[in-house]
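Can you build the whole structure from these sequences, using the hints too?
Residue numbers (my numbering), protein chains in the order written: chain G, 569 to 911; chain C, 3 to 518; chain B, 1454 to 1773; chain Y, 12 to 348; chain E, 9 to 328.
Any given hint could turn out to be false.
Claimed, not checked - Here are the simulated lysine-lysine pairs, DSSO-like style, with alpha carbons at most 27 Å apart: (1) Y:K110 - Y:K31; (2) Y:K150 - G:K848; (3) G:K848 - Y:K222; (4) E:K235 - Y:K150; (5) B:K1546 - B:K1516; (6) G:K714 - G:K673; (7) G:K784 - G:K673; (8) G:K848 - Y:K219; (9) E:K235 - Y:K110; (10) G:K612 - G:K784; (11) G:K673 - G:K708; (12) C:K452 - C:K314; (13) G:K729 - G:K714; (14) Y:K31 - Y:K150; (15) G:K588 - G:K708.
To be clear, the hints were calculated from the coordinates, so they are not data collected in a lab.
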Amino acid sequence: MTDRTPGPDPELALSVRDLKTYIYANNRCNRALDGVSFDIHRGKTLCIVGESGCGKSVTAASILQLLPELSRIEEGEIVYHGAEGPVNIERLKRNGRRMRAIRGKEIAMIFQDPMTALNPVYSIGFQIKEMLLYHTRLGKRARHAKAIDLLRSMGIPLPEKRVREYPHLYSGGMRQRAMIAIAMSCDPRILIADEPTTALDVTIQAQIFELMDTLKREQGTAIMLITHDMGVVAELADDVAVMYMGQIVEAGPVGQVLRNPLHPYTRALLESIPVLGRGKNQQIRAIPGQTPDPYDRPTGCQFAERCRYRVDACAEMPPETQVSSSHRVRCWRHREFMADAAE
Amino acid sequence: QAINDNQLSDPRVRKAIALAIDMDTIAETLFEGAAIPATGLTSDPGNYPEGMEAHGYDPERARELLAEAGWDGSRVLDMVYYYPDQQTADFMAVVQAMLADVGVQMEYRLLEGDVGAQISGVPEDPVNGPAVVDWDLLYGARAALAPQEYFNRFAEGQMPTVPTVPEMLPLVAQVNASADPEVQRDGYRQMEGIINENVYILPLYYQQLYIFESDRIDRNGHPYGNEQYSYNNGIIDWTVEPNEDGEHVAYTNAAPQQFFELPWQNLGIWIHNKYVFDTILEGDPTLTPIGGELAESYELSEDGLTFSFTLKDGLTWHDGAPLTAEDVKWSLETAAQVPITQPLVMATLLRIEGGQAVADGEADEMSGIGIDGNTVTVRFAELDPNVLLSFSQFAPLPMAHFEGVDPLQIQQHEFWQFPIGSGPFKIEEARMNEFTTLVPFEDYHRGVAKIDQIIALPSADGDANLIRNAAANRADFGYTKNPVDVPALEEMEHMNVYPVNIPYTRMFWINQFPRD
Amino acid sequence: MLTYIARRLLTLIPMAIAISFLIYLGLDLTPGDAVSHMIPPDVIGTMDPERLDELRESLGLGKPFLVRYWIWITGVLQGDFGYSLAGGVQISKIFLDRLPATLELSCAALVISTILGSILGTISALTRGTFADQALTVVGMLGVSIPEFFFGLVAILVFALNLGWLPVGGRTLPGYDSFWDRLPHLIMPALVLSIMMTAGVMRYARSSMLDALSRDFIRTARSKGMPEWRVNLLHGFRVALTPVIVLIGFRLPVLIGGSVIIEQVFQWPGIGKEFLSAVRSQDYPLVMMVALFSVMAVLLASLIVDILTALIDPRVRLGD
Amino acid sequence: MQPSEPILRLRDVHVHFPIKGGVFKRTKDHVRAVDGVDLDVYKGEVLGLVGESGCGKTTLGKAILQLVRATGGSVTYHGDAGETELTTLDDAGLFPFRKRLQIVFQDPHSSLNPAYTIFGSLEDPLRHYGVRSRAERRKIVGDLLEAVNMRREAMDRYPHEFSGGQRQRIGIARALSIEPELIVCDEAVSALDVSIQAQVLQLLMDLKREKQLTYVFITHDLSVTEYLCDRIAVMYLGRIVELCDAEELFANTLHPYTEALLSAIPVADLDRKSERIVLEGDVPSPVNPPSGCPFHPRCRYAQDVCRTDVPALRPYRTAAGGEHLAACHLIDQPPAD
Amino acid sequence: MSDVPLNPGDAVRSPPRPRTRRDAQFDRIRDREAARQGTKLRGGRFLSKFLNNRLAVVGLVIFASIILLSLAAPLIAQHDPKSPNLRAMLDPPSAEHWFGTDRTGRDIFARVLYGGRVSILVGLGSALLSALIGVVIGVYSGYVGGWLDWVAMRISEIFMSFPQIILVLLLVAILGQSLLNLIVIFTLTGWGGIYRMARARMLSIREEEYVQALRSFGLGPARIAYKHMLPNALGPIMVNITLSTAAFILQEAGLSFLGLGVPMSVPTWGNILNAAQDLRLLENAWWVWLPVGATISLFVLSVNFIGDGLRDATDPSQQG
Ligand SMILES: Nc1ncnc2c1ncn2[C@@H]1O[C@H](COP(=O)(O)OP(=O)(O)OP(=O)(O)O)[C@@H](O)[C@H]1O
Ligand SMILES: Nc1ncnc2c1ncn2[C@@H]1O[C@H](COP(=O)(O)OP(=O)(O)OP(=O)(O)O)[C@@H](O)[C@H]1O
Ligand SMILES: [Mg+2]
Ligand SMILES: [Mg+2]
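Structure below.
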């Protein structure tokens, strides 16, 4: 970050600075996150988009330190701004008491695949009440009642009966709603949703998004929504961060980024998808090539070898540049694109 | 010269085999001295003709003989055996090597399945064969109650391996038809000579019987004898050191695993056969009949055809019921119908008047047995040389318990889960395969035994468990014939081992019949 | 549920009949029979073949194969298991005598191995990659690589003979009426028998636990801020338990037949030892019954496994 | 594109899978995966098949190729030699038609045999279809790879060395290897990242033009169908509920399900935020589908008739005068005659 | 999106996390990658994974050495394993007899080497044979189904409804004792497991799309099953072969212990180890049983290690 606008922001819920998380599986080092910075604000939705393997899930996992065992946060800061002041999450012990106090209570998370994210041998109610057990002082009955309430508010019919049922009796959409119920049970300040609808049908996806929207509006929850679907971004995001190979290449309010993309990758991405309603004659333009091997990342701009606008400078890593108070981009040539857009 | 196209019918070849085996060394090393190299079929030198000697070990001569006989070096002899223990396998390996040393190839195998049929099949033509049995050499044994048993196989049409030897036939008849020891001995001498000369059978070694006893037992002067059979070893006088609780408890082995065995088959092999059932006469340690046991007195007529005895007064079974002459008669008649009755005893029973008819199921009672009060008179249709011996081994059973039993299935009778006998000890508790306990029979006609309790565990000789039990002080007395057990027992400080000579010879049967 | 069990039990019958027929046929084709074992070979040679045939006839060995099978199977179906040929003892009595011993030994081993195996396996999985894990892995491997009778013999040598702590074998002695009196007899065979099983359960529990720990719901559980022990035990172990229970369920038949060798080593008067001697003496009615019994045990065990999994895993429903 | 002559004609196709259960493994029930489908596929067109997960798209695709056998109805192939009923042919009889019909699958991970090189995977069908010499097979495979924008050398490498997009292209090459007329693309791009998806879509379009192929394009992504397809069939619970030209479908949606589907799709266009119709509930199970119109439990217009009567797929006249088929009781347009 | 300056004082600073064992491991990996940037991993993933498993490599080395030594027995052993020397009974190990001599003065070293040939033949041979049968049937019937599958499944059910040891004893009783019979027996008892595993693998591979693709070309079922699907099931099959090899070798020893194994005239590991039944030898002549016991255990251990390594290497879900 070069230029930062000073002044505290009461709505700031979480800030991530220059986060580097490496994964050491298979005796190799995968620099899954290589300098990621962003902020999450209360009552706002930050969408993180990017292709498979670009590090979206690792980002989410880093925030709650739910990383795979063979991995480590190398550098950077994850600061959670809670009621009791800021906490440097990356310094907490992974499964220590303080980290656990944040998980679920302050920051909750829902996962991509509702089919596997719930424990099949416990009832839905049990899995909700478990969360209440650790983060509230509610008694047994109260917990049960609260679990039923939560299910009801997620729009699950017959919650009194459903609360005793096991996950396999739930459909995918219902499971994801139960997941959200678990996540929302302690009124967290931040909800991290890692591709919550990828495994679901569009009609069900619409139901889930409706639910999340309500939460954001009614509870002021800060939402970090991970997706790879530009459509979702356009519909739900307040802010968007576009990731590519472990870095955020462009970030800013959704209007600015989608209308006026400054990074060639964002542009290419937007050009490569058919958009509903544009008819049969729309032009789509494929991005040539493929993402580099994560174990063998280029040294310079990660996108360079697939980029139409590549120049020699791209052999070196471009810095993140703040192009407006809220819009930043990581490209050597962003000024040219800004000029283009201005025309 | 070979008498048929099987080279083994050539006495030179058989002799060579005998000469190739260094039995002295084997007995000394592999058997650790627990076997006596054999000279003749019987172990009593009095049965040998003048100058008869063992073949000894002479591989040089063996090779010469084989060369003379034109032995086909490519032939692989097929040796079979039926003892599944390790030592037998070791012995086979040694014999294999020794035979190979003189140029005779041999492979050995353990017989499986119907062993009896595989070793005793007799050719229809007892002279020319072909052989019924499917092997060249058999490592087997002969355990006899009386010496005749060693030779009876040489009777016409009895031998699975040797074409009829005409000169043997009258000799076999001679030893069976006379009760005169001199006449019999003469027959034995001649037969031993013929066999030794022609190597019809190759006696290897005499097995001894080893009585083991712990320091805690005191026989109080009673003798050690052939424990495989019934003899008077004075058990009622034995004492045992008290254990911590002050009880006089002695451990032994050979407890039943599923059922108690009928005492008519193996007369003394199981502890219960010896101590639970009394026999009519009693034998000394060499099994020579010396007096009555159940019988107060007995008498064998001059011609040997009438045998009578009187039972002691007031004899009872362990359950208190009186032991009567009726019981004895019934037992004799039933035993004749039981196929597994000891062969020598069976021979005696069949020679009783009407005995054969009862055995064949043509009659229920033997006409030759008469009862008068406590006196039983047995009349024989033909002379039996072993009457006294048989009666010293024969134990009557309580008839009342066997009402309506099929003699063929007598062993399957419930009685054998908890037998009632007449001996010095009665069964207290019988848990099959776990233990059997015996306690003195308080009404025993010779007084009450001094040992308070005998605990028998279900290990048998040759079973590694015997040694383990002995090492753990759980075997105070018993016997074994297994040479492997002997050194192990001898090594234990608290155990004493007493060898006893018994008529038991291990030998090779050599199949001379042509095989196809 | 009950109808399901009843149905399953019904399906066992044709299976058991088919199997029994095959065994009967197989045994019938083997040379020799019980008679050839009832009489020592030294003696049998001198016996009159006619008498042997009589004996065979009286034991029912002379009838044609199908007739014998028919008599046998109808008897079994009516609850008459027949008699051991050797001693004429009712087979049901033999079972009643032997089964407690076998069950005592195998249950002890099963309990020891289950508890020890799942605890060690879980520890091993939770400390994966560390020295403790590797040590447990190697020890577990050793446990399944050393012949069990070898363990048994060495144990007898050391603990019974050299140290004199435990009896060499057997199950009981006169006057030992309570379980506690007999306990010293049980310790060695049970421990030796459980070594191999423990090692097996341990390795299985480890991989099952690792599998459970790699599942997504573990991450969900962590994301709730629960302490590690709860994540590992309530979520990990609970899920890992299902396959371990299945494994143990399939081990249940060991309760009947799996301890043949150990029973032999320790003179334990169980079914296994009985089976061995029945096989050796070609006592077919007994062999048949033990075989059939153990087959039924396996089939029942698989039923029990199904029921157990249905009980502990809510996803599994017994088909009805 | 105007309908030319049909290449394939499906009439009342049913595919029911038995559900076996119980101790005796008896059939307890049926999954009505495809439950009465009428469909014509015309030469040279791209027919889109959309619908939610489990509605029977894949099954229908496989039923076309006889990879699953229809339990009812007919699938006729219209070739130069006239019409052939495929459902009654055995394996040998099908052999000549296998050459005409091919399929490309969804999952780039399981669509290639990991144990063989690309050549190893592709040569067997060629050999099966009579290319005897290895050199010739190598040449054909090389040409195919080039046709899908890959290098010839790729044929000697193993699948795990390729990215998802490349594998998908290899899958297409394999389908092309025997020069089929019709290719069923079963979610051929669904598993790919958006940036790769476009590559494959373009490849498919190029190939179609070059080789005069016909596609049945199965997907759940309506934006892709709109871009790619000439006609679109919307499936719901084993039935086709709407079928018409692509433009017509988006311009004049007739069926309430299609309507909801269209509105539920998030569109990457900030200027086009339409009202979202959120459907209640889940897709019902095909084991016991609802009575009447299968969609009625989730339909906001549902009326009594919908609960009892199964609506037939009836033609309506489009604004442009074409044909628009829909299965709904409540369409207030006059049906075409 | 506005950025907040982060003053170090703002955040509640907890002390930096203490370094752990893992950290050291990670640093090593990073350093190594930094040192030779760009060099690719050599060899297949499978091989490298297998070779990374230290225990598996150790296992492979032991396995290969024992097999080589056994094969080269005539070159290495200075004595004939079958020739007794009664004057050299139970000699302790010496330069002349490396492992000493047994009760008949045979050289135990030579016996162990030659015995290894038979034992390994029995173990590996039966495992391979049962794998062959199981795979040939399982692969086809798993893919095609139909009556063949039904029949094979029923037969395997019958074989698998016996506790292993009971079935083996039963078959020994039926077939009799010989080297060949033992292999047949083990094969009979072992094929079912491999058959079911191969079948289950086929059932899951059958759903893979490349199989569907091949079907859409009209390729014959045998060709699809054996040529295209089988190679993908080889991993678990190999694991299974190693595990059955280990099991069979142990079983051979167990059967020899019961006196029902390979005839005693043939030296096998089990037959040699059988000497340990003799308490005296167990106590006083350790060389008679320890070397051979160790060899069996070591060999089985090595096979188990290899099996474990294979399992890890072929299991795609395993990371690390
Ligand atoms: N458990 C893990 N073990 C090893 N590598 C991992 C693991 N999880 C993620 N990675 C690696 O980290 C990198 C980033 O992965 P990440 O899961 O964050 O991607 P993503 O953007 O969430 O992708 P997707 O859209 O597929 O979920 C990838 O190179 C991936 O291979
Ligand atoms: N072999 C089969 N046996 C039984 N049921 C099957 C089988 N194949 C598919 N089904 C069922 O048939 C229904 C339709 O399946 P199909 O795969 O055709 O749906 P789809 O529309 O392709 O779904 P998706 O979008 O998830 O691929 C589903 O309910 C499925 O569970
Ligand atoms: Mg992800
Ligand atoms: Mg599908």
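How the hints compare with the structure:
Of the pairs offered as hints, the one joining K110 (chain Y) and K31 (chain Y) is violated, with about 34 Å between alpha carbons and a cut-off of 27 Å exceeded. Taken as a hint, the K150 (chain Y) and K848 (chain G) pair is broken in the structure, with Cα atoms around 36 Å apart against an allowance of 27 Å. Between K848 (chain G) and K222 (chain Y) the CA atoms are separated by roughly 21 Å; this keeps the pair inside 27 Å, and the hint holds. Restraint check for K235 (chain E) and K150 (chain Y): satisfied, since their Cα atoms lie roughly 22 Å apart, inside the 27 Å limit.
For a cut-off of 27 Å, the pair hint linking K1546 (chain B) to K1516 (chain B) stands: about 26 Å separates their Cα positions. Distance check on the hinted pair: K714 (chain G) and K673 (chain G) sit about 15 Å apart at the alpha-carbon level, within 27 Å; holds. At roughly 16 Å between alpha-carbon atoms, K784 (chain G) and K673 (chain G) fall within 27 Å of each other, so this suggested pair holds. Of the pairs offered as hints, the one joining K848 (chain G) and K219 (chain Y) holds, with about 16 Å between alpha carbons and a cut-off of 27 Å not exceeded.
Between the alpha carbons of K235 (chain E) and K110 (chain Y) the distance comes to roughly 21 Å, so the proposed pair stays at or under 27 Å and holds. At roughly 7 Å between alpha-carbon atoms, K612 (chain G) and K784 (chain G) fall within 27 Å of each other, so this suggested pair holds. For the hint pairing K673 (chain G) with K708 (chain G), the CA-to-CA distance comes to about 18 Å; that is within 27 Å, so the pair holds. Taking the CA atoms of K452 (chain C) and K314 (chain C), the gap is about 22 Å. The hint holds against a cut of 27 Å.
Taking the CA atoms of K729 (chain G) and K714 (chain G), the gap is near 14 Å; set against the 27 Å cutoff, the hint holds. A distance of roughly 47 Å separates the Cα atoms of K31 (chain Y) and K150 (chain Y); the hinted pair therefore is violated under the 27 Å criterion. Note on K588 (chain G) and K708 (chain G): the hinted pairing is violated, with a Cα-Cα distance of about 42 Å set against a maximum of 27 Å.
Violated hints, in rising order: 1, 2, 14, 15; the structure is consistent with all others.
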